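> Spelled out from the first residue to the last, the chains are:
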Amino acid sequence: MEHLTFWGHFGVWVAAFLTLGIYSFLYRDNPWYKFTEAVFIGISAGYWVVVLFFDNFYGKFWVGRGEEPMLWIGAILGLMMLMRLVPKIGWIARWPLAFIVGATSGLWMMNYLTSNAMSQVQSTIMPLFGEGFGASFGEIIGNLIIIVGTFTGLIYFFFSKEHKGAFGATARVGIWGLMITFGAMFGYTVMSRMSLLIGRVDFIFRDWLGLIQ
Amino acid sequence: MSPRRSTTGARPPVLCSCLLIPLVFFFLFLTNSASLAQGETEVVDTTATTPLAPVTSLLAQDFKYDDGDKLMLTWVPSIDDIPVTGRVTAYEVYQICNNGEPHRIAELLPEVSTFRVEELHRDSSYQFYVLALAEDASAQSVVTAAITPEQEWLKWNWLNLMVMTIVVCGAVMVFIKTATKGRKLFVRKIAGLEAVDEAIGRATEMGRPILYIPGINDMDDVQTLASLTILGHVAEQVANYDIKIRMPVARSLVMTAARETIKAGYQTAGRPDAYTDDMVSYITDEQFGYVAAVNGIMVREKPATVFLLGAFFAESLILAETGNSVGAIQIAGTARPAQLPFFIAACDFTLIGEELFAASAYLSDEPKALGSLKGQDVGKGIAMAAIIIGVTLTTLATLTGAEWMSSATELIRSWFVVTD
Chain A
24 MEHLTFWGHF GVWVAAFLTL GIYSFLYRDN PWYKFTEAVF IGISAGYWVV
74 VLFFDNFYGK FWVGRGEEPM LWIGAILGLM MLMRLVPKIG WIARWPLAFI
124 VGATSGLWMM NYLTSNAMSQ VQSTIMPLFG EGFGASFGEI IGNLIIIVGT
174 FTGLIYFFFS KEHKGAFGAT ARVGIWGLMI TFGAMFGYTV MSRMSLLIGR
224 VDFIFRDWLG LIQ
Chain B
-8 MSPRRSTTGA RPPVLCSCLL IPLVFFFLFL TNSASLAQGE TEVVDTTATT
42 PLAPVTSLLA QDFKYDDGDK LMLTWVPSID DIPVTGRVTA YEVYQICNNG
92 EPHRIAELLP EVSTFRVEEL HRDSSYQFYV LALAEDASAQ SVVTAAITPE
142 QEWLKWNWLN LMVMTIVVCG AVMVFIKTAT KGRKLFVRKI AGLEAVDEAI
192 GRATEMGRPI LYIPGINDMD DVQTLASLTI LGHVAEQVAN YDIKIRMPVA
242 RSLVMTAARE TIKAGYQTAG RPDAYTDDMV SYITDEQFGY VAAVNGIMVR
292 EKPATVFLLG AFFAESLILA ETGNSVGAIQ IAGTARPAQL PFFIAACDFT
342 LIGEELFAAS AYLSDEPKAL GSLKGQDVGK GIAMAAIIIG VTLTTLATLT
392 GAEWMSSATE LIRSWFVVTD
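So the protein sequences, as listed, match chains A and B.
Just so you know, we're using this note's numbering here: the first sequence kicks off at 24 and counts up by one.
Just so you know, we're using this note's numbering here: the second sequence kicks off at -8 and counts up by one.
Since the hints were made in silico from the structure, they are not lab data.
For clarity, every value in this text was computed on a predicted model and none was experimentally measured.
Treat the hints with care, as some may be off.
Said to hold, decoys possible - Chain B regions said to be covered by chain A (calculated; three or more residues, Cβ under 8 Å):
hint: 1; segment: 127 to 135
hint: 2; segment: 201 to 207
hint: 3; segment: 247 to 261
hint: 4; segment: 283 to 294
hint: 5; segment: 366 to 373
Stated by the list, open to error - Computed beta-carbon distance windows for the label pairs:
hint: 6; chain 1: B; residue 1: V103; chain 2: A; residue 2: M217; range: 57 to 63 Å
hint: 7; chain 1: A; residue 1: M133; chain 2: B; residue 2: T41; range: 50 to 56 Å
hint: 8; chain 1: A; residue 1: W131; chain 2: B; residue 2: D60; range: 22 to 28 Å
hint: 9; chain 1: A; residue 1: V72; chain 2: B; residue 2: L99; range: 43 to 49 Å
hint: 10; chain 1: B; residue 1: C160; chain 2: A; residue 2: A61; range: 47 to 53 Å
Claimed, not checked - Which residues of chain A face chain B? A partial, calculated answer using Cβ under 8 Å:
hint: 11; residue: L43
hint: 12; residue: A140
hint: 13; residue: T173
hint: 14; residue: L220
C-beta: ideal position from N, C-alpha, C; glycine also.
This is chain B alone, in the form it adopts within the complex:
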């Protein structure tokens, strides 16, 4: 037994140390854990070492009904993106074009989960990924599959707009056809218009010129177009009465168009020889430079009649007050709501908003202009009917709680919704 004991006599210390060391560490671990739990030592923020969660379900889809230059990105925000206490501070969207290098295209606020990528090309493929950012970490999402934006020829979400346009334009065409056949279309009298001929007559009696201001916008403004249509009628009357017309303009294209219009008016009146290009003069494109010149013309030439018809801005009151101060009879008209109050205050007659366009149709007496005016009235009739029926139904739906009324109202309202 003793030899056996002697051969194994060295083992007890090894065993002891093997067992003791883990026990000591275990004891130390328990002691440390206990003291941490009691809050006696430092507090460690475990979140700082936790990896940031990336956004998930990132999807790149074609943006519907566009010119093939947009894509739509959607994703589920990071689970660390919690209002107020969340770690995510921002999202960065990266774009890879034709397998090239990624580059950042947007930085978005937390809680955002969609992004519309614009200015893309139909002949390129795109991939995207979103980087969630925190103070101390970042997390990249998966990269989307390559996608190429597609072009659509028709915006089907504008179907209601197309139907409305077809209805109104169809009505315009029907009325134009009716007027062309010689049938008289009724258009009510417009107060300011009756004064046009009176004002021209006054200038004839006084032997003073007529000053015609077509606004300060270019030919790309419908108000300028309407103004030039009225100018055609005025020019014809001016030619008939053999009085002087003065027309300073602020746009070169308007000058060209106005000269053509006045020349046509003189030709209609049978006096083409009396027309000169000097009747229309270009001043300057600068708004207040133009105003200074027109004011000077007003006080020096003292026109008997001033027409202020077209698109006006901050110069409206300056012009109208100067015209008023020289004793001219003034007929104004604009579709700019902000300038109408000044014309109403300082002019003798004012064509309010659409009256300017109606006046041009009324005076021209052309089937196309009258037909378009009547066609627009059809559009207004539809709008009025929709408002009356819609408001009645939705109010009754609130009072009675009838579901079908709410549905009918939503249906009517949806006809007038135009989404991007």
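Isolated chain A, as found in the complex:
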């Protein structure tokens, strides 16, 4: 704190004012929060406009337009998006959207098929007792959880059959597995969020108030 210039101190005070403004929402909606919210949204929206313009339009298209003919396709699609501003030819804006949706679906389909489906099946096909009976008791339990968890999870997400009888019971095992996993993930993520809170509290008490040395 003592090494900061006037503007350094000013910055810390502004940051503290805005941080407390956001936290004031915990009490109720109030003018302080509204002000902070408006500042945050305004600055971030402006910031992203500048970043996207200079990174994409200038940094990628304008600089490389002579060397990469493919960039013109992107520019034309972008221009078609702007046709939305002209009501009579606004329908043209649907074409670049259709292009993005179609291309994205195709790209992601292969990614999902390899990472989420095939790799999962390949890793699940394992001997229950380990290679050559090499697994310990704990490892056997672990293998069992992976195999049963994957299989029953797939049953739960099978939409062509009603969850009744033995099929329904298996699906319930699957959802139990999912819920236990979610519980563990909840605890883990909450702990990581606590570190974010600690970071802000540390800022207030150390950088702003100077109570922590």
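For chain A, the structure is supplied; the task is to place chain B on it using the hints.
For chain B alone, coordinates are given in the frame of chain A:
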């Protein structure tokens, strides 16, 4: 005799010196060697003067099944590259492009014997050599013959992936055809979906708006696409019941697509005049700036129903808790496993993972969406069968030692291996 002796009288000293000098040196050499052997004098490290052995059998080959921008280098490490005690400290790979100047492209650790060269051009030829480095020496390998990377049109090592894709996509097409012909395709009920209409009805009764959050990712995320499909159904219901819908978004493309979707929903409901562009508003791309705005909207407009459907990240719990605090009925859904726990904890109904995609197909009731859902079920059926058969065979193979079972398991497993 005397003259003869006199003529040869000068020879004895010359002969003596000729014989003596080598003898003296030989004696000195023996003495020195003996003392060195006894360790009485300094120890000389002979390895320091030994030349470093280069890598051998250096080979540059085309990298199979790529876009023609990679080559594969393989070599036999230097014989001085021995673990722990070896002299080699690193290998440097040098590249010569179109007979130009060599330049270093990589420094590798000892014992490495392969390197994949990337970012090459199909219209250039390349040569390589490897430099083995030691503390006090270096050794260059031979330079490889010039090679040009080649492009392959098909990744034959992904044949299994192609077969799987054809099977699943074929099933999707068959089911789409079946649905198009008017045959009813069965899809089981999804718990969260039945609540959608109830939630819209609740908003109608309370006279409060519906807040629809499509996540914070752009149109290149399938979760956003699924969310917009559900939005189409919601918009139709909203138009039918004449209630207000509010949709703040974090991406400009999503704003455009959402406006189109809601407009289509209003048109389907026969009320295109009731649609306005203000229903969808862009806030900001900034994650927490968007969250601050949505929280503000929630507490000020107090929506009766909040839909949180799409791709969410760290903001999921903040949004869900705020919605909960204003007493809204909340229907959430995402395919991001890390955020699902928060939705399950704070929302009334949650569409878990693929249920989000299934819900979009179920609600749209379109042959294409239903057909794709049923086709995916075929893929899941194949996966389940492979797991059951594979695990049974490999476990039995461990128990019985049957060779054919091991081979059959490896065959099944190989269908699901995708190598780079």
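> Now tell me if each hint is right for this structure.
Hints and how they fare:
For a cut-off of 8 Å, the count of residues in the segment 127 to 135 of chain B with a CB near a CB of chain A stands at 0, and the three-residue condition is violated. Counting residues of the segment 201 to 207 of chain B whose CB lies closer than 8 Å to any CB of chain A gives 0, which falls below the minimum of 3, so the coverage claim is violated. Residues of the segment 247 to 261 of chain B lying with their CB closer than 8 Å to a CB of chain A number 3, which satisfies the three-residue condition for coverage. Counting residues of the segment 283 to 294 of chain B whose CB lies closer than 8 Å to any CB of chain A gives 6, which reaches the minimum of 3, so the coverage claim holds.
For the segment 366 to 373 of chain B, the proposed coverage by chain A is satisfied: 4 residues have a C-beta within less than 8 Å of a C-beta in that chain, meeting the threshold of three. Look at V103 (chain B) against M217 (chain A): about 42 Å separates their beta carbons, and that is not inside 57 to 63 Å. About 53 Å separates the C-beta atoms of M133 (chain A) and T41 (chain B), a value consistent with the hinted range of 50 to 56 Å. Between W131 (chain A) and D60 (chain B), the C-beta spacing of about 23 Å keeps the proposed range 22 to 28 Å intact.
The hinted range of 43 to 49 Å is satisfied by V72 (chain A) and L99 (chain B), whose Cβ atoms lie roughly 45 Å apart. The beta-carbon spacing between C160 (chain B) and A61 (chain A), approximately 49 Å, falls within the hinted interval of 47 to 53 Å. Evaluation of the L43 (chain A) hint against chain B yields a violated restraint, the C-beta minimum of about 14 Å exceeding 8 Å. Proximity of A140 (chain A) to chain B holds as hinted, the smallest CB-CB distance being about 6 Å (cut-off 8 Å).
The criterion of a C-beta within 8 Å of any C-beta in chain B is met by T173 (chain A), whose closest approach is roughly 6 Å, and the hint holds. Hint status for L220 (chain A): violated, given a least beta-carbon distance of 12 Å to chain B, over 8 Å.
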